[in-house]
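Novice: Please model the entire structure based on the sequences and the hints provided.
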Amino acid sequence: MTKSELIQQLAEANPHLYLRDVERIVTTIFDEITDALANGDRVELRGFGAFSVKERDSRTGRNPRTGEAVDVPAKYIPYFKTGKQLREKLNTD
Amino acid sequence: MSNETITRAQLSEAVYQEVGLSRNESADLLESVLSIITDALAKGETVKISSFGSFSVRQKGQRIGRNPKTGEEVPILPRKVLVFRPSQVMKARINAKRSPS
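Taken in sequence, the protein lines are chains A and B. Residue 51 in our numbering sits at position 51 of the first sequence; the count goes up by one each step and never skips. Numbers in our numbering are just positions in the second sequence, counted from 1, shifted up by 1000.
Any given hint could turn out to be false.
Selected chain B positions facing chain A (Cβ under 10 angstroms, derived; list incomplete) [what the hints assert, rightly or not]: (1) E1004; (2) V1015; (3) S1035; (4) K1048; (5) R1063.
Between beta-carbon pairs, the in silico distance windows are [what the hints assert, rightly or not]: (6) B/S1056 - A/V70: 41 to 51 angstroms; (7) A/G40 - B/S1051: 14 to 24 angstroms; (8) B/S1056 - A/Q85: 15 to 25 angstroms; (9) B/V1081 - A/A74: 21 to 31 angstroms; (10) B/S1056 - A/A13: 19 to 29 angstroms; (11) A/K81 - B/N1067: 42 to 52 angstroms.
What the hints contain is simulated information worked out from the structure, not anything from laboratory work. All C-beta atoms in this analysis are idealised placements derived from N, C-alpha and C, irrespective of residue type, glycine included.
Specialist: Following this line, the structure appears as structure tokens:
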């Protein structure tokens, strides 16, 4: 499923809404999550999961083609932990 | 950096501010988005949200685990796990405002 398929499904379930509003709704949700993470916040959606940010230390990497050592700076990486209900849903047939 | 926890309340408030719908309907729409994603994943589909990231389901095989308290061996049954891979856009945005000290 892609973002546009998600928008389409949501639009079909809500025929009273304009498609452009449905698009804005979906975009707003994902943008808000990203903005929160960029601010160092975490986003917890009970039953679905939680997005948070983890730190990665700087390290010396290697250019796989040349074998040359390169400094990889410390950075933040987004992390998602699956919620309990969603995890259970994945495992019911 | 604020270190707060954002929940459904703030996300549906953002939807409410963005589109001229009631707070109730905004909350319902957020819930619908989450359940559409959940249903697709439960069917084993990958969900790709451009400039955000993708959620995919991975099948894990059976392995032998150990009860850390008793040392007893217990089989961990085969199961499905969800993997989230953030997009390059998201990774860039998360490192744009600040960097680890």
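Novice: Hint by hint, say whether it matches the structure.
Specialist: Structure-based check of all given hints:
Taken as an interface hint, B/E1004 checks out: its beta carbon lies about 5 angstroms from the nearest beta carbon of chain A, inside 10 angstroms. For B/V1015, the interface hint holds, the least distance from its beta-carbon to any beta-carbon of chain A being 5 angstroms, beneath 10 angstroms. This hint holds: B/S1035 has a C-beta 9 angstroms from the nearest C-beta of chain A, less than the 10 angstroms allowed. Proximity of B/K1048 to chain A holds as hinted, the smallest CB-CB distance being about 5 angstroms (cut-off 10 angstroms).
For B/R1063, the interface hint is violated, the least distance from its beta-carbon to any beta-carbon of chain A being 16 angstroms, above 10 angstroms. At about 29 angstroms, the beta-carbon gap between B/S1056 and A/V70 misses the expected band of 41 to 51 angstroms. Hint check: A/G40 to B/S1051, Cβ distance near 20 angstroms, so the stated range 14 to 24 angstroms holds. A C-beta distance of roughly 18 angstroms is found between B/S1056 and A/Q85, which places it inside the suggested range of 15 to 25 angstroms.
For B/V1081 and A/A74, the Cβ-Cβ distance of about 28 angstroms falls inside the hinted range of 21 to 31 angstroms, so the restraint holds. In this structure, B/S1056 and A/A13 meet the distance hint of 19 to 29 angstroms, their C-beta atoms being roughly 24 angstroms apart. In this structure, A/K81 and B/N1067 break the distance hint of 42 to 52 angstroms, their C-beta atoms being roughly 23 angstroms apart.
Hint compliance for this structure: hints 5, 6 and 11 are broken, all remaining hints hold.
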